[in-house]
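I would like the entire structure built from these sequences, with the hints used as guidance.
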Amino acid sequence: MTTLTRGAGRVTRSAPRPRSAPRPALLILAGPFAILFLAVYVVPLVYAMQRSLFQVRSSGLGFGPSEDVFVGFANYASVLADAAFWAAVGRVFLYGVIQIPVMLVLAMLIALLIDSRAVWRPTVFRLTTFLPYAVPGIVATLLWTYLYVPQLSPIVKGLHAIGWQVDLLGQQTVLLSVANIAIWSWTGYNVVIYTAALQAIPQDLVEAARIDGASEAGIAVRIKVPLIRGSVGLTALLSMIGTVQLFNEPYILKTVTTAVSSDWTPMMMALNTTFGANDFERGSAISIVIALIAGVLAVIYQLASTRSERSA
Amino acid sequence: MTIRIKRAATATAAVAAAVLLASCSTGTDESPVDEGPVTIAWWSGLAGSDDIAAQWNAEHPDIQVEHSDAPGSWQDQAAKLTAALKAGEAPCVAMMENPFIPSLAVAGALLDVTDEVAEFQGDYIERTWDAVTFGGQAFGVPQGTGPMAMFYRADRLEELGIDVPTTWDEFYEASKTVAEKAPGTYLTGMGADDGGGFVSLAAQHSDPWFGIDGDSWVVDIDNEATRDVADYWQKLRDEGLLNLTNRWDPTFYNDLSEGRQLAVIGGSWQADLIADNVTGGAGSWAVAPMPSWDGGQQVSAPNGGSSVIAIAGCEHPAQAMEFAHFITSDADTTIALGGFPAATLDSIPERDATVDFFGGQQVNQEIARIAETVAPWTWSPTWNETKPVFDDGMGGFKDQNGTLRELLTKLQKQQVDSMTAAGVSVTEK
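Chain order of the listed sequences is A and B.
With the UniProt record's numbering applied, the first sequence closes on residue 312, and no number is skipped along the way.
With the UniProt record's numbering applied, the second sequence closes on residue 429, and no number is skipped along the way.
Honestly, I wouldn't trust all of these hints.
Computed list of lysine-lysine pairs in BS3-like fashion (alpha-carbon distance at most 30 Å, straight line) [claimed, not checked]:
#	chain 1	residue 1	chain 2	residue 2
1	A	Lys157	B	Lys176
2	B	Lys181	A	Lys254
3	B	Lys235	B	Lys410
4	B	Lys235	B	Lys429
5	B	Lys413	B	Lys80
6	B	Lys80	B	Lys410
7	B	Lys413	A	Lys254
8	B	Lys80	B	Lys235
9	B	Lys413	B	Lys429
10	B	Lys235	B	Lys176
11	B	Lys235	B	Lys181
12	B	Lys429	B	Lys410
13	B	Lys80	A	Lys254
14	A	Lys157	B	Lys413
15	B	Lys235	A	Lys254
16	A	Lys254	A	Lys157
What follows is a list of derived Cβ distance ranges for each label pair [what the hints assert, rightly or not]:
#	chain 1	residue 1	chain 2	residue 2	range
17	B	Thr409	A	Gly158	12 to 22 Å
18	A	Gln151	B	Gly161	22 to 32 Å
19	B	Glu315	A	Phe73	38 to 48 Å
20	B	Glu66	A	Val42	33 to 43 Å
21	B	Gly280	A	Ala83	20 to 30 Å
22	B	Asn401	A	Ile155	23 to 33 Å
23	B	Asp169	A	Ala83	38 to 48 Å
24	A	Gly90	B	Pro37	52 to 62 Å
25	B	Asp169	A	Ala134	40 to 50 Å
26	B	Asp346	A	Val71	53 to 63 Å
Some chain A residues near chain B, calculated using beta-carbon distances under 8 Å [as the list claims (entries may be wrong)]:
#	residue
27	Leu61
28	Ser66
29	Thr255
30	Thr258
31	Ser262
32	Ser305
Think of the hints as simulated: they come from the structure by calculation, not from any bench.
Yeah, the Cβ is synthetic: ideal placement off N, Cα and C, and Gly gets one too.
In structure tokens, the structure reads:
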């Protein structure tokens, strides 16, 4: 039998189902997936891991044939000892600390508004907030680039006209400009997750609170938000993983500002090392370190969330 | 959730795919004795390449050229070339910017065609072979040289009472005059996103940063003469006399069109780009040699420049080089591709639009004279790794996070380290 955990819309199994032989239908459905998963995910991953243990070395002037040397974890050691790598990780961490809370709080406010039926035509409202998410990330960034570049931007020109000399692409501001693009793109997506979770809250709970005289704001803060804690955790985790993999926005902004270097985020560094410097081996090592960091974050989150669920 | 992950996965997949492709690379097959027409695959991102291939194919039934467009920056193209090579999909000949040629050679992407190009040697300006010849091995033929010149608004300088500067001292004084008499206007600028311009400014005054001594590369970036050049531009920057916009985004031409910057020190290819992209002052622009250091001899420097290189695995190198010779030594073809020829030509055609823009000045003839004064230069085998460091460093120079002198020290170390890491023998000077 199954039980619904509180509000999160997540299903936990209280007793394992009796085992039975896999059915043919299951094989037909899962087979192609397994093959594709192996071919496009596991094989490249294993290959990247293998390459990360090698280095291609030339000798003399370097124009002769080169040698593939097994170097163990030397590539990893050089990545972990690289100040530029940690600078990129630190930058992305700072970005996450700013971007994730702002985005999630904003998404929560919008979701609660929609759920409270305080807004006129919630469907239209929900669709409008979701719309930026439908714009491909690259296009969204190009759009914002236009709004950031001083020579083109009506916003910057307007701000200058009222005497505010702001440079949205400067060393100090570009991180916030990148965060702004991500917030714009992803808030609606989180709103959808939250509204779905809010709709799963049993209406009798809300009704009961209303009869007891709770205000709409009180209901939102004291009843609804705690009940969708699971979804909040989920979106936080996804945002964290997305942050580690930050790439599109800074990669495009790099073409219009010198404040974004070619190794501004760990992902950009991986790309630049692999293709710019033609060092596939070190690039593989960087990619795997990034994957490990994302994995560790996911595990920490899992442990923290199970603990808090248990104590709740 | 998956979508966010998917987004990032696309980037990882690209890396993974390339890595996967790398595993599929095969050695070159021994080619059979040539019989009948052969097909040469040619990568070129320059406009007009298709027409040239069609013209060649019509005239040479035995050697058919298959042109593929190679879009993106030169660095992108170099990366694509090595990836394609690992995937076994590389062309036979490709156009490449000179700075990336030694990197490609060390990556094993190039084919030694010393014997095949020997007969063409005399058709080119001697100096230009430096770009494709290393340690006695030739990897292709030179195409464009990019001699550096000064492009300027003659009318505005006259208005401000400035004589066209012929030395760097005069250039500095002129920069000050411009700033005083026309606030908000700069005499010249420097690309805050591109170290390429600075390399050429250094090349005018310094020995080449890289060289080959016996069986070892020599790295000599942080030297006295280059420091002089660094200090000169640092002074201009610190006194607010330098326009530091990005070189490769529309702000650059915007500044020129609106008269915020009055002169550009750049390669010969700059002439066409200015004529095509600048709207202000058409007819009032002019070309002159870049200022000199000691006031005596005029010296220019290579800025960019490109070559046609032979790619490893090419089965018909002789035919490929014959085609390469054609596209680099035929005056109309070379000019049609927008480069300034490395070949010694009896006459160099003018492009009317450019001549009109430069007030009737015979731009190509002027540059042909400048081309004879170009200083020697050799690029390094790990320049592809240094280029981003250099470009990022120029951003730091703009934002006052570092000086050009500090950047030179950093580049010297980066070059020695990257060559050592690649297993290339390197000597520091």
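Hint-by-hint comparison with the structure:
For a cut-off of 30 Å, the pair hint linking Lys157(A) to Lys176(B) stands: about 29 Å separates their Cα positions. The straight-line distance between the Cα atoms of Lys181(B) and Lys254(A) is roughly 35 Å, outside the 30 Å bound, and the hint therefore fails. Of the pairs offered as hints, the one joining Lys235(B) and Lys410(B) holds, with about 20 Å between alpha carbons and a cut-off of 30 Å not exceeded. This hinted pair checks out: Lys235(B) and Lys429(B) have alpha carbons roughly 26 Å apart, not beyond 30 Å.
With a CA separation close to 27 Å, the supplied pair Lys413(B) and Lys80(B) stays within the 30 Å bound. Restraint check for Lys80(B) and Lys410(B): satisfied, since their Cα atoms lie roughly 28 Å apart, inside the 30 Å limit. For a cut-off of 30 Å, the pair hint linking Lys413(B) to Lys254(A) stands: about 25 Å separates their Cα positions. In summary, the hint linking Lys80(B) to Lys235(B) is not supported, as the alpha carbons are separated by about 39 Å, beyond the 30 Å threshold.
With a C-alpha separation of about 11 Å, the suggested pairing of Lys413(B) with Lys429(B) holds against the 30 Å cut-off. At most 30 Å may separate the alpha-carbon atoms for a hinted pair to count; Lys235(B) and Lys176(B) meet this at roughly 11 Å. For the suggested pair Lys235(B) and Lys181(B), the alpha carbons sit about 19 Å apart, so the restraint of at most 30 Å is met. Annotation: proposed proximity of Lys429(B) to Lys410(B) holds, straight-line Cα distance about 15 Å (limit 30 Å).
Between Lys80(B) and Lys254(A) the alpha-carbon distance is near 20 Å, which keeps this suggested pair within the 30 Å criterion. Of the supplied pair hints, the one linking Lys157(A) and Lys413(B) is violated, its CA atoms being roughly 42 Å apart against a limit of 30 Å. Between Lys235(B) and Lys254(A), the direct Cα distance comes to roughly 27 Å. Compliance with the 30 Å bound is thereby established for this hinted pair. This hinted pair checks out: Lys254(A) and Lys157(A) have alpha carbons roughly 21 Å apart, not beyond 30 Å.
The hint said 12 to 22 Å for the Cβ distance between Thr409(B) and Gly158(A), and at roughly 43 Å that hint is violated. The hinted window of 22 to 32 Å between Gln151(A) and Gly161(B) holds, with their beta carbons roughly 30 Å apart. In this structure, Glu315(B) and Phe73(A) meet the distance hint of 38 to 48 Å, their C-beta atoms being roughly 40 Å apart. Checking the proposed 33 to 43 Å range against Glu66(B) and Val42(A) shows it holds: the Cβ atoms sit about 37 Å from each other.
Distance hint for Gly280(B) and Ala83(A): a CB-CB separation of about 44 Å, inconsistent with the stated range 20 to 30 Å. Taking the beta carbon of each, Asn401(B) and Ile155(A) are about 26 Å apart, inside 23 to 33 Å as hinted. Between Asp169(B) and Ala83(A) the Cβ separation comes to about 40 Å, which falls inside the hinted range of 38 to 48 Å. A hinted range of 52 to 62 Å holds for the C-beta pair Gly90(A) and Pro37(B), which are about 59 Å apart.
With their beta carbons about 59 Å apart, Asp169(B) and Ala134(A) fall outside the hinted range of 40 to 50 Å. Checked against the given bound of 53 to 63 Å, the beta carbons of Asp346(B) and Val71(A), roughly 55 Å apart, stay inside it. Because the smallest distance between the Cβ of Leu61(A) and any Cβ of chain B comes to about 5 Å, under 8 Å, the interface hint for this residue holds. The criterion of a C-beta within 8 Å of any C-beta in chain B is met by Ser66(A), whose closest approach is roughly 6 Å, and the hint holds.
Given the 8 Å rule on beta carbons, the hint for Thr255(A) holds: about 6 Å separates it from the nearest Cβ of chain B. Restraint check, Thr258(A) versus chain B: the minimum CB separation of about 3 Å is within 8 Å; hint holds. Restraint check, Ser262(A) versus chain B: the minimum CB separation of about 4 Å is within 8 Å; hint holds. Checking Ser305(A) against chain B: minimum C-beta separation of about 15 Å lies over 8 Å; hint violated.
Checked against the numbered hints listed earlier, the structure breaks hints 2, 8, 14, 17, 21, 25, 32; every other hint is satisfied.
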